[in-house]
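S.K.: Just so you know, the protein sequences line up as chains S and D, in that order. When we follow the working numbering, the leftmost residue of the first sequence carries the number 1, and every step to the right adds one. When we follow the working numbering, the leftmost residue of the second sequence carries the number 235, and every step to the right adds one.
Since the hints were derived computationally from the structure, they do not count as laboratory data. From a predicted model like this one, the values you see are computed outputs, not experimental measurements. Among the hints, erroneous ones may be present.
Derived DSBU-like pairs (lysine-lysine); straight-line CA-CA distance at most 30 Å [to be verified]: (1) S:Lys35 with D:Lys274; (2) S:Lys2 with S:Lys129; (3) S:Lys71 with D:Lys297; (4) S:Lys35 with D:Lys297.
Covered stretches of chain S, going by a simulated chain D footprint (3 or more residues, C-beta under 8 Å) [unchecked claim]: (5) 54–63; (6) 106–120; (7) 147–159.
Glycine included, each C-beta is placed from N, C-alpha and C at the ideal position.
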Amino acid sequence: MKFGVVVFPGTWSDRDCGWVIDQVLGAELHYLWHKDADLKGCDCVILPGGFAYGDYLRTGAIARFAPVMQKIEEFADRGGLVWGICNGFQILCEAGLLPGALIRNASLEYRCQWTNLVVERTDLPFTSKCTEREVIRVPISHGEGNYFADPATLSRLEQRGQVVFRYCDDTGRVTNTSNPNGSMHNIAGIVNARGNVLGMMPHPERCSEAELGGTDGLKLFRSVAENAMKVLVS
Amino acid sequence: MIARIVVTPKPVVNDPQGITVKQGLAILGFSEVSDVRVGKYIEVSLEASSEHDARQRVDSMCKQLLANHVIEDYHFEIEPDGRRR
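One chain only, chain S, in its complex shape (with noise of 0.2 Å):
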């Protein structure tokens, strides 16, 4: 099982997910400079967090051109498991890859925070190891990851089931305050219709040891490394 963690001018989550994988998962780890287009034959591609090129123009805007995202796409393509988060996210929508946008938080201010998501699918690669309906704890840091969508679009998502993660409280009750940045359905990751291509805006890599307070984010880490040797990458 090999992850590979995209490395962009401006990325910072890079490192974090880098030790998960590595030191707490111990799985083979490879950095993909975003320059290089090489995959380097990673079962799973991680997209991190950050403010890949400045953000410039959008976020996530001019990531989307780097010679490492033609891969990615072709990789999507051919059902490889990709998978984006917090300005990874952002990167997956401005490329098409996943509906939708990210705007500025309906509050103006960079959240970060800890927030509670409900797990509404439990049959994809990033998720096996949840509980159905369970409620994990993973922090947000972000000041755009208010997510938008037409509503053609949203009632597709829907009925589709492709929203994964919903903000929630505690009991895993879908409510307006427990939405921390205006996100339209409490949206907080999204999968395509196909299943292998995952974006959020909270850091699982933030959360898989006890020390940094929570834990939950590993069970995202170990469903991936369980599964992606069984994804067919045709």
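Knowing the structure of chain S, use the given hints to seat chain D on it.
M.R.: Quick look at chain D alone, frame taken from chain S:
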């Protein structure tokens, strides 16, 4: 030539920046303000054989990069003899 491009949030997109600026204007006494939308102004200097050609190229730039069609609208003017502001 110069293209002067204005990118704005779509009417259906909530614009928290605009709302906040509107509140600031209200505090300053501009109570007549009913709405504020905050967008971007982009100036592109380019070479083109005609204004028509420039228009097509700039439209393509907007579609592919300068605006995100999910959340933004755009419009632009081409000034054949334009200077950078």
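S.K.: Take the hints in turn and mark each one as holding or not.
M.R.: Results for each hint:
1. For the suggested pair S:Lys35 and D:Lys274, the alpha carbons sit about 29 Å apart, so the restraint of at most 30 Å is met.
2. The straight-line distance between the Cα atoms of S:Lys2 and S:Lys129 is roughly 19 Å, inside the 30 Å bound, and the hint therefore holds.
3. Taking the CA atoms of S:Lys71 and D:Lys297, the gap is about 22 Å. The hint holds against a cut of 30 Å.
4. The hinted pair formed by S:Lys35 and D:Lys297 meets the criterion: a straight-line CA distance of about 24 Å does not exceed 30 Å.
5. Figure legend: the region 54–63 of chain S, annotated as covered by chain D; annotation consistent (3 residues with Cβ-Cβ distances under 8 Å, at least 3 required).
6. Judged by the Cβ-Cβ criterion of 8 Å, the region 106–120 of chain S is covered by chain D as claimed, because 3 of its residues qualify and three suffice.
7. By the rule of at least three residues with a Cβ nearer than 8 Å to a Cβ of chain D, the coverage given for the region 147–159 of chain S holds, with 3 such residues.
Every hint, counting from the list given before, is met by this structure.
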